[in-house]
Amino acid sequence: MAFVTAPLLEFENVGLSFKGVNALTDMSFTMTAGELFAVIGPNGAGKTSAFNCLNGVYKPQRGDIRWKGDSILGMRPDKVAELGIARTFQNIELFAHMTVLQNITLGRHIRTNVGWLAGAVWYGKAKREEMANREKVEEIIDLLEIEAWRSYPVGLLPYGIQKRVELGRALAMEPELLLLDEPVAGMNLEETEDMARFILDIREELGIAMILVEHDMGLVMDIADRILVLDFGQVIGEGTPLEVQNNPNVIKAYLGEELTA
Amino acid sequence: MRGRPNLYTEYKAEMGLFPSMSKKIAIGLLALIAILGPLAALPFLGFAGDASWLILVNKALVFAIAALGINLLTGVAGQVSLGHAFFMAVGAYTAVVLGGEAGNTVWGLGLPIWIWLPAAGVAAALIGVFVAPTAVRVRGLYLAFVTLGLVFIGLYLWRNLGKIAGGPGTGRPWPELEFALWRNMDPLVSFTSDGPLWWWLTPVNWLPWVHIEEMDGEVKTFFFLVVLVAVFAIIAKNLMRTRIGRSWAAIRDRDIAAEVMGVADAKGKTQAFGISSFYAGMGGALFASVVGRIIPESWDIFLSVEFVAIILIGGAGTIVGTFLGTFFVVLSPRIVENVTGFLATQAEDGGPFSWLGSIFVRSSADDWIGIVSYPDAAGPGLSVAQLNIVLFGVLIVVFLIAEPLGLYGIWLRARNYWKGWPFTY
Ligand SMILES: Nc1ncnc2c1ncn2[C@@H]1O[C@H](COP(=O)(O)OP(=O)(O)OP(=O)(O)O)[C@@H](O)[C@H]1O
Ligand SMILES: [Mg+2]
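Here the protein sequences come in this chain order: Z and F.
If you read the first sequence in the working numbering, its first letter stands for residue 47, the second for the next number, and so on.
If you read the second sequence in the working numbering, its first letter stands for residue 749, the second for the next number, and so on.
Just so you know, these hints were derived from the structure itself, not from any lab.
In this text the structure is predicted, and so the values were computed from the model without any measurement.
Fair warning: there could be bad hints in the mix.
To be verified - Capping the alpha-carbon separation at 25 Å, the derived lysine to any residue pairs in SDA-like fashion look like this:
no.: 1; chain 1: F; residue 1: Lys760; chain 2: Z; residue 2: Ile192
no.: 2; chain 1: F; residue 1: Lys760; chain 2: Z; residue 2: Arg174
no.: 3; chain 1: F; residue 1: Lys1015; chain 2: Z; residue 2: Glu220
no.: 4; chain 1: Z; residue 1: Lys65; chain 2: Z; residue 2: Thr94
When you get a sec, could you build the whole thing from the sequences and use the hints?
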């Protein structure tokens, strides 16, 4: 019996290629519970691909991915979600014909279990579950300050609000790990500050571990505990924001400029 | 944790089946019309008690049950199926084998309705779940083709399984809508014969001007179906507003994201196929029973297409739209026929619409101007049935392009218009 608790998440030499093009080469890192881990790198570096491998959307050809010590390689995406791994997407992937309420409530799927029979009857189990869902969802709506949009179909909402709804949907899963793929891309300064505040709120109030993929270096350097730098699918640096900013490989990849923001 | 002045907690009322007062009133009025209309007890709706209308309305109600199923599968879960006619047939033949009379050439166990009707739904659902593993592998148009294949396999089976379906072109009679405890026992309630609805209702004169003691068979069938339709509509709504319905809608809108949020794609689609087929089976059995006799050729692709038309014209993914679409598709042929007949008479008698009639209707073999031949003038021109097919085709295209929410969308727009009145935009 070892008393060493396994880390929350481990990537070990993960390799992914598409028809000979390497999207990820030997990607390795480890993260612990509650950590705010950032992954940065130029366009096409493989950040989103790494998320897709973790989610089970892509199947890496080499290496291993472990959750709390157990390999989750080859698991179906919905099974990965059930472990408590939630995600937002770079290009918003909301359910366009559903309302804000319905979208966020869908996030409750892994935390609920009413089947078709109880659902058809409604009274009893299903009604109780829906009431509990609603209570949870209203808390998230309040946290993310989207009260005004509650019953709109999300397809009609402004981009910045859609990003928040997507975050809300992920939070409704009550995850242990939250993957954020460019949460502030395309946002103005005010929206970016709001989102940064939400991310910090989530960390402080809910204690959820996060992997943040983001091009906004100011934001990353401000809030990340540790940063992993990818370039052409390879890890070229890892460490605290200060360490990464002074890493010569990283400076070379980024031509030195953006990092000192 | 910070205080939450904006936290919303007053949602109890919102989560009811009919969340607003106006919806409650609307459904109450509808119920009142449904009860009093067929009894010819309403001042302006006296014609609603007319048997020929009621037969059509009853057919619409039966179709509505099957349509609620295709709405769940196609409208909510986004899986376009052309196999609905097949599942309806499975239900109908299950019903007739269990509930029909045995003959020299056909099987029949003569069991009562409380067995054959649920069994029709269950059998269709089982077959639906059985074929689902093939169906969930393909998407979009491919799924439409795969499910269309079912219809052709079905047609072949029904034509050749004489013991079940009766012969090609002749079919066999279906069990009636009557409730008996067991085979060969006198029915406790008959929903098809003329006479009192229920033996103990007769002595009480509920409404003096309504003669329930001499109710028409069609009226009784109507009441039976209305209750059934209401129950199945509520069940569909309940499914839509709970976990399973949300997962269907998520699969429809974005299947990969749905999976990443924890929705098991294949399981969700399989459930949608099973439940939708249950509705189809029930609808098919009731349809056959209400019609009385069905030939095996009836379960064809046009029946399936009618249901796609219902969804597209009514509005996909909504219960109200399902009903609007069903009533439109079932009743409009009758309306088209009446209008055509009216125009033909106008043309003949020189009424105020005779000009329209003479353009629109070909009334005799040597009348060369007109679109529709009525009644059955030889030579070119569409028949009324063909005109209906053209009409549906045009409407499907129009709704696909201009109003994807169908009649429901038009209704929404009208409602929003009047909500804002007089400050319209
Ligand atoms: N499904 C796919 N098929 C083929 N190639 C792919 C696929 N997904 C990603 N790639 C390739 O893998 C590489 C990494 O892409 P990825 O989207 O992971 O980059 P990224 O770091 O997220 O970039 P960005 O900052 O632009 O979002 C790119 O070269 C991309 O073209
Ligand atoms: Mg990306």
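Hint check:
1. F/Lys760 to Z/Ile192: 20 Å, holds
2. F/Lys760 to Z/Arg174: 11 Å, holds
3. F/Lys1015 to Z/Glu220: Since the Cα atoms of F/Lys1015 and Z/Glu220 sit roughly 23 Å apart, the hinted pair holds (cutoff 25 Å).
4. Z/Lys65 to Z/Thr94: OK: Z/Lys65 and Z/Thr94 at ~18 Å, within 25 Å.
When held up to the earlier numbered hints, the structure conflicts with none and fits them all.
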